[in-house]
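Participant: Quick note, the sequences are listed as chains A and B, same order. With our numbering as the guide, the letters of the first sequence map in order to residues 34 to 647. With our numbering as the guide, the letters of the second sequence map in order to residues 95 to 428.
Everything labelled a hint here was simulated from the structure, so no lab data went into it. Hints are supplied without guarantee of correctness; some may be wrong.
[Stated by the list, open to error] Between beta-carbon pairs, the in silico distance windows are:
#	chain 1	residue 1	chain 2	residue 2	range
1	B	D106	A	K508	20 to 28 Å
2	A	K188	B	E410	39 to 47 Å
3	A	R219	B	D363	49 to 57 Å
4	A	R214	B	S422	37 to 45 Å
Being a predicted model, the structure only gives us computed values, none of them experimental. A virtual CB, placed ideally from N, CA and C, is assigned to each residue, including glycine.
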Amino acid sequence: MSAQSIDHVVIRFAGDSGDGMQLLGQQFTHAAALDGNDHATLPDFPAEIRAPAGTRGGVSGFQIQFASEVIHTPGDECDVLVAMNPAALVKNLDDLKPGGLAIVNVDRFEAIDLKKAELASNPLTDDSLANFRVFEAPISTLTTGAVEPFGLNRKQADRCKNFFALGMMFWLYSKSMDPTRHAIERRFGSPFREANLAALEAGWSYADTRELHPLPFEVPQVPHIPDARYRTVTGNQALATGLVIAAQAVDRTLFYGSYPITPASDVLHALSVFKEYGVVTFQAEDEIAAVCAAIGASYGGAVGVTGTSGPGLALKSEAINLAIMAELPLVVLNVQRAGPSTGMPTKTEQADLLQAMYGRNGDSPMVLLAPRTPADAFRTAYEAVRIAIHSMVPVMVLSDSYIANGAEPWRIPDLDNLPPIAPPPPPSPQAFAPYSRDPESLARPWIAAGTPGYAHRIGGLEKQDVTGTVSYIPKNHQRMTELRAQKVQRAQALLQPAEAKGDPSGTLLIGWGSTYGAIKTAVARGRAQGHALAHLHLRALNPFPPGLAEVLSRYDRILVPELNSGQLCQLLRAHFLVDAVPLSKVQGQPFKVREIHAAVELLLQGEPPEGALA
Amino acid sequence: MSDLSRRDFMSDQTIRWCPGCGDYSILAQLQTAFAQIGLPRERYAVISGIGCSSRLPYYVETYGFHTIHGRAPAVATGLKLARPELSVWVITGDGDGLSIGGNHLAHVLRRNVDLSILLFNNRIYGLTKGQFSPTSEIGKRTKSSPSGVVDPPLNPAAFAIGTGATHVARSVDVLPKHLREALVDAHEHRGSTFLEILQNCNIFNDGAFADYTDRAHRDDRILYLKPGAPLVWGKETLRGLVQDGFGLRVEILDGPEQAEDCLRHNPSDRNLAWALATLEGPHAPLILGTLYQTQRPTYESEALRQISDARATLGEGDIKRLLRASDSFKVRRE
């Protein structure tokens, strides 16, 4: 069978939150990965586990871009939308390209289905799909027919329809079905195994005989892929893996204290199966207990880590200050979500930056790092442990929902290339004082409770420099406040210098965290049009990397795209007295490349860049 | 056994409690108990929250951590999971443990982490200078309740029994020998010990327990619990506890021979423990000793056993295997 070759494709699968759209998306992702396509994914699902079926509120989506070239985002617009019901269709239609292909499950377009989706008329028969190509498939009926031999009841049979749809997409993009066949065999018992396999095959055959498209497409392999081993990882998986490997590097127990919270819970799930690595996970009674137990473990010499999202971070702030004051290593994962308050738990945002930076009583600086992609979360977690132990400070990792749930290929690292992790060398018991300091990092010694010859007391009260005795002496408090700030500042020695990619002058786009792919792609697009643009993406937000002031000074204009109301922009203006301009998006969704690209155009024309989001 | 004495557990810090505070006596008995238990100093870790009682770790020459308000049980849980070989002590008070930290106290007792939890109950907030606490009695006039407290007090021992604690005991600051034995018992119990220590705040709530503990009448108002012994007390008037429905009733006994008609203490009887913890009335005694004690696996032993079991089954974790998990792949060459 011949196929038409294309460079990149964006597909979105959309259905009810119980329709298995996430599983379908993950299976398609794995197939693309094995074929050597670069890929990036964007799961988008409601907070409710099973919102009322057929309603717009219950629509669960999974978007993937896969390509024969290097890509950095899951794509702005879809080439193909697979819609399992009318709500899924209308909710996602805005993101389907003009002329794009909508594959719809026509079995779910009865009057009652339209009513659930709050539609006055049937979009299949009115004019609302005029700009698209529509392929109507009776997916429910055909699935039920295909699985008929296996004795499933109606409801069970209908639940196989995600694999039918997946079979159709595998045909359309010439993907091997073997990895999914194996996954079904591993994951399901009889008779669901046989039924899902039959649905998958039936979907493929249906697309073939009905000619879903005159010719199937093929997205070739990315050229020159290094011959290495890869995994497709989500950000949360990468964080968990990074923590385990960092703890092994320093030869300490990894202790993870957490309280379930979206979108951080998957880190707890991932770590709780790593028991043979000696990982201790503690599901605490609340967010405060989770961080306090991590601090207690750190006092006992373990790598203490806690994970949460914004509302939980608010609860942990007093305890984080205890770690700052006691000068104990601690890693805090904050997988951000849209706030304030409960906000939108499954939607992404970067609006906890100032909370992380300043949201504690007293002068209490801490190190802040941010992963830029799901795979990058591995190295960020590793660096967080490294800095926490090197400098005896708490370190916060600011991930977000988009990184946490998004997936991309990760080249499995060579462990020998990772920097070593080591605590400050301990003094002899005779020379020991709890708050004596390493002259370079200013870190105090990390003596695990229980170590003979070093018994000592620490706590949250201000203490005398060196001895650690409780102290209210005015000048000592000033000195200790400065020392705690200097420790954070000196962690700069462990950071890569600031580097802008692109033109050496002109307009600089500066971002942090999950906006990396969209900014990078927008800058490449603008430069291709002849604009002088550069991109600087911060891995560390406190301290800022060495050389940042110098880089900023080279550019006439600075644009700061962020998924918040301009928080990094404020910090840059305050720290460097530069006229940075924000591009603030707070819609619970990541930036589209075209939004940033349009903002650059507006900025260059002297217009407010916010217009790009209108 | 080590040959350390109480003096070896005294730190060089100046003690800053008010003169006459009951905390001095508790500190002295804890230091003495540490010497009696016989572990080297570094094997003890004393973890506290916030409040007068929580300053105690600074005064003990062991590992110590003065943490934040109400959270000592959580910090101690993390430490015990990281260092199960340590003898970990939690120092808390009626405000720290039962008000701001009530959640943690409930859960640490439910889990049965092997900790000795000492709750200094003086029925007042001392360090913040005299507001009512969750164990202050109804009607008590304090700085923050000038017209009298309206919320009923919490019963610490009943709370602990309700959480599923495996060892619930009570002692008092003015009975050094009884207190010292209770502290040693706390160490020896495998699992969470909840030891309520009645403690006099001579500044803001002086004489809170004097009705029971004054030398003049203590012999007639304190019931010392001993396993297997009849529940009787009193010197001038001999009294005893008899079963009354699901509860207990105080009876005046004609003579010691009538003790045989009274209930005998059985620390493993949770219903009896509940009845003792909640006993009230004009002639109800102050009940000291172990109200309840049972054995079940500790939290940390079960949690760490899952790790050793996984290692026994799967072998020590191999990072290479972790990285090359089942979903890892090499790209198919075209």
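Participant: Does each hint fit the structure? Answer for all of them.
Facilitator: We went through each hint and held it up to the structure:
no. : hint                         : result
1   : B/D106 to A/K508: 20 to 28 Å : 23 Å, holds
2   : A/K188 to B/E410: 39 to 47 Å : 45 Å, holds
3   : A/R219 to B/D363: 49 to 57 Å : 52 Å, holds
4   : A/R214 to B/S422: 37 to 45 Å : 19 Å, violated
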